[in-house]
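Build out the structure end to end from the sequences listed, making use of the hints.
So the sequence shown is numbered by UniProt numbering: it starts at 1 and just counts up by one.
None of these hints come from the bench; they were simulated from the model.
Quick caveat: nothing in here was measured; it's all calculated off a predicted structure.
Even for Gly, the Cβ is constructed at its ideal location relative to N, Cα and C.
Pair by pair, the computed Cβ-Cβ distance ranges are: (1) GLU57 to GLU2: 41 to 49 Å; (2) GLU2 to THR26: 33 to 41 Å; (3) PHE42 to TYR103: 18 to 26 Å; (4) SER45 to TRP5: 27 to 35 Å; (5) VAL63 to ASP38: 20 to 28 Å.
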Amino acid sequence: MENEWSSLKTHVQQLEEKLLKSEIRTSPEELSLLLKDDFFEFGSSGRIWTKSDCIGEEGIGEVTMILSNFDMHQLSEDTVLTTYRIFDEGRGEHTLRSSIWKYANGRWQMFFHQGTKTNGPF
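Next comes the structure, spelled out in structure tokens:
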């Protein structure tokens, strides 16, 4: 069971990291696969985003971010909560992040995301 958890944690972390890649963030098709139809986000800017906000012609834009301190917590058989830290190199900002991922139709998709600005490095 622990091996399965470790594999799942690695897989979901890779999905989180995928969402930081420019080629994914600028591709409406790729974003559509990773975000559930009812996805929403409380952004670090204070803005609320939905999937339709992210799936425009240019996606959600390019960023240069470093993910660290990744952890994952099981909420139910098909739902997990991820927590991690991000350093946005372009803005020089640090944020705490959390996401809820749900498993359906043979794949994991992000249902909810939140970013909270923090002061300085961790």
